[in-house]
Every structure is written in structure tokens, then in C-alpha cells.
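Asks: Residue numbers (this note's numbering), protein chains in the order written: chain A, 1 to 245; chain B, 1 to 245; chain C, 1 to 245; chain D, 1 to 245.
Check before you lean on any hint, since a few could be wrong.
When chains are identical, the list treats them as one kind, so a pair holds in a single copy or across two.
[What the hints assert, rightly or not] No farther apart than 27 angstroms at their CA atoms in a straight line, the calculated lysine-lysine pairs in the DSS-like style are these:
id, residue 1, residue 2
1, Lys153, Lys206
2, Lys3, Lys111
3, Lys3, Lys206
4, Lys3, Lys54
5, Lys54, Lys215
6, Lys153, Lys54
7, Lys206, Lys111
8, Lys113, Lys206
No lab work stands behind these hints, which were simulated from the structure alone.
Protein chains: 4
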Amino acid sequence: MPKLDDLIEELVTGNRILAREGVVDSFGHISVRHPDHPQRYLLSRSRAPDCIEKDDIMEFALDGTPIDAGGRAPYLERYIHGALYEARPDVISVVHNHSESVIPFGVTAAKIKPIFHMGASIGHEVPVWDSHDHFGDTALLVENMAMGRDLAKLIGSGGTALMRGHGATVAGRNIRHAVYVSVYLEVNARLQKQAMDMVADLGEVKYLHPGEVDKVAERTGSYGINRAWENWCRRAGRPLQADPG
Amino acid sequence: MPKLDDLIEELVTGNRILAREGVVDSFGHISVRHPDHPQRYLLSRSRAPDCIEKDDIMEFALDGTPIDAGGRAPYLERYIHGALYEARPDVISVVHNHSESVIPFGVTAAKIKPIFHMGASIGHEVPVWDSHDHFGDTALLVENMAMGRDLAKLIGSGGTALMRGHGATVAGRNIRHAVYVSVYLEVNARLQKQAMDMVADLGEVKYLHPGEVDKVAERTGSYGINRAWENWCRRAGRPLQADPG
Amino acid sequence: MPKLDDLIEELVTGNRILAREGVVDSFGHISVRHPDHPQRYLLSRSRAPDCIEKDDIMEFALDGTPIDAGGRAPYLERYIHGALYEARPDVISVVHNHSESVIPFGVTAAKIKPIFHMGASIGHEVPVWDSHDHFGDTALLVENMAMGRDLAKLIGSGGTALMRGHGATVAGRNIRHAVYVSVYLEVNARLQKQAMDMVADLGEVKYLHPGEVDKVAERTGSYGINRAWENWCRRAGRPLQADPG
Amino acid sequence: MPKLDDLIEELVTGNRILAREGVVDSFGHISVRHPDHPQRYLLSRSRAPDCIEKDDIMEFALDGTPIDAGGRAPYLERYIHGALYEARPDVISVVHNHSESVIPFGVTAAKIKPIFHMGASIGHEVPVWDSHDHFGDTALLVENMAMGRDLAKLIGSGGTALMRGHGATVAGRNIRHAVYVSVYLEVNARLQKQAMDMVADLGEVKYLHPGEVDKVAERTGSYGINRAWENWCRRAGRPLQADPG
Chain A
1 MPKLDDLIEE LVTGNRILAR EGVVDSFGHI SVRHPDHPQR YLLSRSRAPD
51 CIEKDDIMEF ALDGTPIDAG GRAPYLERYI HGALYEARPD VISVVHNHSE
101 SVIPFGVTAA KIKPIFHMGA SIGHEVPVWD SHDHFGDTAL LVENMAMGRD
151 LAKLIGSGGT ALMRGHGATV AGRNIRHAVY VSVYLEVNAR LQKQAMDMVA
201 DLGEVKYLHP GEVDKVAERT GSYGINRAWE NWCRRAGRPL QADPG
Chain B
1 MPKLDDLIEE LVTGNRILAR EGVVDSFGHI SVRHPDHPQR YLLSRSRAPD
51 CIEKDDIMEF ALDGTPIDAG GRAPYLERYI HGALYEARPD VISVVHNHSE
101 SVIPFGVTAA KIKPIFHMGA SIGHEVPVWD SHDHFGDTAL LVENMAMGRD
151 LAKLIGSGGT ALMRGHGATV AGRNIRHAVY VSVYLEVNAR LQKQAMDMVA
201 DLGEVKYLHP GEVDKVAERT GSYGINRAWE NWCRRAGRPL QADPG
Chain C
1 MPKLDDLIEE LVTGNRILAR EGVVDSFGHI SVRHPDHPQR YLLSRSRAPD
51 CIEKDDIMEF ALDGTPIDAG GRAPYLERYI HGALYEARPD VISVVHNHSE
101 SVIPFGVTAA KIKPIFHMGA SIGHEVPVWD SHDHFGDTAL LVENMAMGRD
151 LAKLIGSGGT ALMRGHGATV AGRNIRHAVY VSVYLEVNAR LQKQAMDMVA
201 DLGEVKYLHP GEVDKVAERT GSYGINRAWE NWCRRAGRPL QADPG
Chain D
1 MPKLDDLIEE LVTGNRILAR EGVVDSFGHI SVRHPDHPQR YLLSRSRAPD
51 CIEKDDIMEF ALDGTPIDAG GRAPYLERYI HGALYEARPD VISVVHNHSE
101 SVIPFGVTAA KIKPIFHMGA SIGHEVPVWD SHDHFGDTAL LVENMAMGRD
151 LAKLIGSGGT ALMRGHGATV AGRNIRHAVY VSVYLEVNAR LQKQAMDMVA
201 DLGEVKYLHP GEVDKVAERT GSYGINRAWE NWCRRAGRPL QADPG
């Protein structure tokens, strides 16, 4: 079991990498389930990911109640994280972001599907959650557990979802995996859009075969993820820690 | 009421952020209404936003007359600012820019509308002002009060307008708000263009529902804007000041 | 008349700015007519623009003969420069580049035209020179005076031309002007492409009115160009010199 | 014959340049045939190209067996390199990458062809290898010699190939040439996509004439490649070595 201090450092690094790689701008966040208390999770106070320091990391109960706020203001949308940890014991880390290339797929009939092997970890097809279906006109923010649970239900046993007019959520098996999937969800969306532009007169986009998606996903482990993680740490100016697993 | 010195520092920071975030290149400008003399405004001398220092900030009467030029050359288009402050007592800060993704919307029949929650602060639809309608062939610059007032009339009670073959103008309730709306006007235009590319064979873009736009706009305050502001100050290498309000 | 040393520094700065602003990559070049010998011009030895130092600047006769090579290898395409100085006494500086957004316009039937006021300095429409018309299969390089003169003839009294499958050439009235036109030729092409994407179902792109192009072009002088030049010097890490005029 | 130490430094520089120029992200690799033992090649251990140091370079037999691993984990896809060196005595350096603009061409019916003279070194048309044709559902990785040889067969006497849903492979006559072709394969794909967008209503893209491709390719030698190499070394923060030839 990773030591809490190391995991908090890892979470700070995850925030910085998401910023450096263009997955988040001043908004968006990443959490990790508490290693000793599975009914709690760790998430920064309300701050831009590229500014986050160790002391910004707060602890929350699954319903979003801060354990010891100490005057720190939490993110309004922390319910995304708690609802996923509540529904899915296998989920250890959650990313919520507004990465640019995924937004257009949330507001059109186009579905994101893996277009190259690096995109296979997003799953066979990324579903779209529309807050308007069950909650009508809102500020589109997931700011209570009812909305969080509705989103978690749409994600089901998957790992990714778009949110119409808003962004995306990724559920991962640890911090590095959630970051990795978030980065390549953005890249896959960007490349898929370009391929779609080309096929108006040229036929269909050849997405990965379903069996290919499964085979790549099975193979996506520490070997590859840690290669990216080392590079991303360097780019984000963060020390490389041992993989907390 | 903010102290003048702090407000001038804030205005310098606003200039630098607009440059760093790609809203302005060597051209474009941001002003703020004078906190003690509402019939005056503060605006840099004619200089690229990323070069601006405290001593570049000049004071102008609403008609564009410099209060104490001290040999400094003003921007030709300062009338954009004065005309908006004259027409709209609620406007405290104005940005004029040529950010790239908005230009194509000014020269086609496509209208910019909020495509995701971060874009709701631009209003329900961004109108386009065409200087040719009332002024014929010009150098397209707003270089007198007649043109400034014509633009202000088109903006009406709104906060944003495109200018055909030229750029955009944003009216905000303070410097941070005007910068925030300018940044996300550009992002929304960029993403909307991508969504429009996709729908040729796929139906319509789902813009935000009107009630959603209103709800997000109501919620866009210091909580979110200051989160971005801290991040943008860091990126622009500027110290973070207390919010002058 | 500018001192030769200052003009050479200005030429080095022009090279660095073209690189920093993305107009040239490892290829492309900028020259200036010799201030004391109008039948000569100054141009770097064959080197990437962002690497160029003062000692790289060579002197050439209009036919491309080096005055004092001193072992330095010249650019193969220096004939572009000489042919323009030969045909056009009013031309003082020439840029040749492969900036990315102009290439697609050279290989399709689409013509670059000013889409916003910053693009007016490119002229009413940018003509395309196709080396294949008079020279058949070549390596597409302008590597003799016959090709240079053919290109200069196509440019006529204008200031810009595309070269099919190759790039662009800009003729300016001084270094700063040639750089300025080159930067905004690229920006205009990029934005025009986006506008063209949008109009499939939406009607026509509204280019600048011809009278507007003329009025903006008349107004494009030191006031605006030097504002950009100061900013570009800062971005390229070059000292700002007095305008050599 | 270049000294081994210099060649290893050159290989490290090649890795860093590919990263800096956006041809590889955390994945992709470049190898060089061993200068003294043509049945061996040099390739980094499994690491992101921008992190690679001299001590990461390993030696392999053509079948992918490490000569002296020393505890270092090799790339899974090293068979791409060995199979090309086995089939093609003229090939001295191989790049495998997932550069973004080539991916869409691998999954649609569009073929990459030279659109400007800098792209002529990719050959007349870039073929696409589909691992599914002979190997069915896989993780798309070339992880044995059978797959490597199948890819090498598709490349034949050419220098480039796309891999469906995966990336590209480039075979060069030395490190600098392989890097150069990889960079301009990406640029050509990016620009070709833009030209293709434009021609829906405007007719055809004018690709280089076949004779032009040949003439440019004949001329692509140290004169031009070393100009780029110097610039890329500077950008990647690497010392410029003498051309090992």
C-alpha cells in the first residue's frame, strides 16, 4: 500500500501533467481514492491544476463532505469523483476535464471511437451524458450527488464519458492510468476529427477492430504508461517517483 | 474603491495575460474606467500588449482626448473604449482584439453561440458590426467617436460583438471579467468551428439551451474567474494581486 | 541613409523574427538591398534563419555573384532576390519562405485575398507562379536568373506571390515591411481557410472591399509596423534598434 | 567509417530532435545500423525519446536479440528495425513514430503524396500496411520478426510506409536523412489535409509532378539536410557534431 505522502505527491504531479499536456486549462481536476480509507478520496481545493501544491490536497467523504477543510474552498464538481468511487470499487482515480477536442463530439452525433492503438484505452465507444435529460436547465455543473450518480450510471462499467456542452470524465485504476487515458482521449478525438474531415468523398474511417481494442487494452500497463509518465514528469518539471502501483 | 496604483498594475497584468493566452498579438488593447473619475478611462499608449509597463498607462476623457499625454502616442482605436463607457455605466473594462478564431465568424453567415459552459459568458449569440454599413470604405479602424458610438449601439446591453474583417470587442464588469470573456470567446469560436465541420452529414450542433446560458452566466463570478486569473498570472510571469473587485 | 552595420543587425533580427513567428523553419531567407550600392544586396550564407549571426551576411551582385564569399556557401535560391531588385527599384527587401498555411493555396484553385484589415498589405489577390509552366520538371528551386525573372514578371508591380508546390515570395519597401507582410500573409491564409470551411452551406466569405484594401494599405506605416517590430524583437530575444527607415 | 561513440551521440541527438519537432511523443524510436557490424543495429532501451541518454543505447542482432542487455528492457517493436536492415542493405537508419497528421491517412482511403518540394523525399506515394490483413486482431504492435518482415515487404524499395491505426515507419540512408524524411512526412500530411479540405468545390489538389519528385529527391543531400540539422540541434539543446556521413 503506498504511503499517503507519496500518493499526495503523485496527485500533485498528475495535476501538473494534465496542465502541461493540455488536458486541463485553469479548470478540471483529478482525484485518487484514499489508500487507507476506501470511503474517502483526495482532491485539491478549488485551484487551477498547474498551481496546485501539496497543501492544497483535501480529503473528502464519498458524499463530498470535506473531512478537514481548514478554510480551503472545495471544487463545486467534486460529486463527479465521489459518485464514481461509490459505484465502482475498482476505480482508484478520476479525472474531470474540458479538453478541447472532445467538446465537439459531445455536441454532435459523432461518437469518439479508437482510431489508433494509443486510443484503445478509451474503450470501444465513448458515451455522452446530457445533464439536460434528467435535470433540465442547469449551469451544467455536477454539483450534487444526484447528478454525480446519474453520470456514474451512464459510465457503468466503462472508463470514459463525455458530458454534453461541458467536457469529459475518466475513471482509472490509478493516477497514472487515469492521466494516460485522459491524454489519449484528447489525442484520439483530435485525430478522429481530421479523419472524419477526409472521408466525405472517400468512404469510411477504419476504426480499430473490436478485437484490436481489447488486445491493446489488455496490454496497456506499467511498461507503456511509465514510459510516458517519466517523459511527462520531465516536461512538467516534476521529480520522478517510484510507481506507487 | 480600488487604489489607482493597484488598478494600473491590474491593467498591465490584463495586457500581459491577453498576450500570453493568444487573444492579442502585437495589436489589440484593454482599458478600465477610472475608479475616481467615471468620465475617464485608463489605456496604454500605443504599444504591443506584451511589452506594456506601468508608465505606458495613459488617462483619457470619454471622447478620447488624453488628459496628460506627456509625449506618448495613443492608440488610434481608443474610441471603442470611450463610446462604450459613455453608453453603458455598468461597463468597467473593455477589450478590443483580433483573436484568430473569431475572425472567420465575422466574415461568414455563421454566428458564434455558446457551445459549452465556459462559453456561456459571451451571451446567447454574438452580433456582428460591419463598419461598411454606415461608413463605407474605410481602413476598418474605429478612429472617431461616430464609429465608436455605432459599434456601442450594436452591442446594446450585451457584452460582446464581432467586427467584420477586423476582430471583436468585449465589455466587462471589471478587468478580470473582460479578460475571462475574451479568452473563452476565442476558445468557444475554435470549438464551435470544429463542431460545425462535423455536422455536414450528422445533423445539428447542440448549442447550450438558452436557460443554461443564463444559469451559467449568473454563476460566473469571482469563484471561477479568480481561479483562472491566478493561473494566467503565473503563466504570464506576473505577481498575483488581491482582487480589486 | 542607414549605416551598413545597423542594417546588417536589422537583417539578422529579421531572420530571427521570421523564425520565431513561424514564417520560416530551417529554410527560407530575407535580403535587403545594399544601402550604398543599389546594384547589390545583402543575404545570409546558406544557414537556417534562426541560427544566423552578423558574420553570415554576404554581399551579392544582382545576378547572384558573391562579392566576397570568403568560403561561405550561398543559398541556391538567391536569384529570387536579385531578379526582384533588378526589376523593381522600389523594392528594398525580399522574403522567400514556405510558411505552412500558404502552401495549400498554391496547389488548389483557391486564391488568397484579404479577409481582415491586418491582411490588406498582401494586396487585392495573391497570384500563383508555377515553375512548371515555363521550365517543366525541375527541383522547384529558383536557381538561376531566368527563373527569378519569370517569377518577378508574375509579381509585376505587386508585393506578394505564391509558388506552386513550394512557398511564397514577398517584396517590401524595407526589412520591417517585408517581415510584416510575410507574417500577415500566413495569418490571413490560416484564417481564410477556416472561413472557407464554414461557407459550404452558408454562402460566401466576405472579403475586404477593394476600397478597404487600398485604405488599409495606405495606412500601413511605421506607426503599426514598429509596434509589431518591438514585440517581435522581444519574443526573438533581439535588441530593439532605432528604425533605420 | 564513423567512430561508434560519435554515432551513438548522433543517435541520442536524433531522438531528441524527433521529440522537439513533434514527430514522437512519449513513444516511437530511431535506430542506426552498427557501423562495424552490419548485422547489428543500435537502438535505445524502452524509454521516451526526449529522455534518452547515451547509456540507454543498446546493441541488437537483426532478429532483435540484445547483444548485452545489462538489465535494460528493450522496445517491444524493435523488429521493425531489424526486418528493414535484413531486407535492405542500403538502409542505415530507421524511424518508427505515431506523428499526428499521418494517422488519419492510415485509416482513410486518402493517400499521402508530395504536395510541396520539402515533401518529395517521402516518395511518390506512401503505402499503407494493415497488420490485420495477415495477422488478424492483434495489439497492432510489430512484436515479432514475421510482422516486421511483412511490413518490410510492403515498403519494398521505398523509404516510407504508414501503418493502419498505428503510425509510420521511415527507412533512411543515415540518421539525419531518416529524421529529415520523418519531419517532412508529418508536415506534408498536415498541409495535404488542408489542401484536401479546400477542393470540395474547387477541383483537384495539384501534387508535385512525378518528374519533380524525382528531381527534388536527387537533390536532397547534405547541403539541405545539414542546414536543418544545425537548426534542430539548437532547438533541441544538443551540440552540433560533424556530419558522420
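Asks: Give me the numbers of the hints this structure contradicts, sorted from smallest to largest.
Replies: 2, 3, 5, 6
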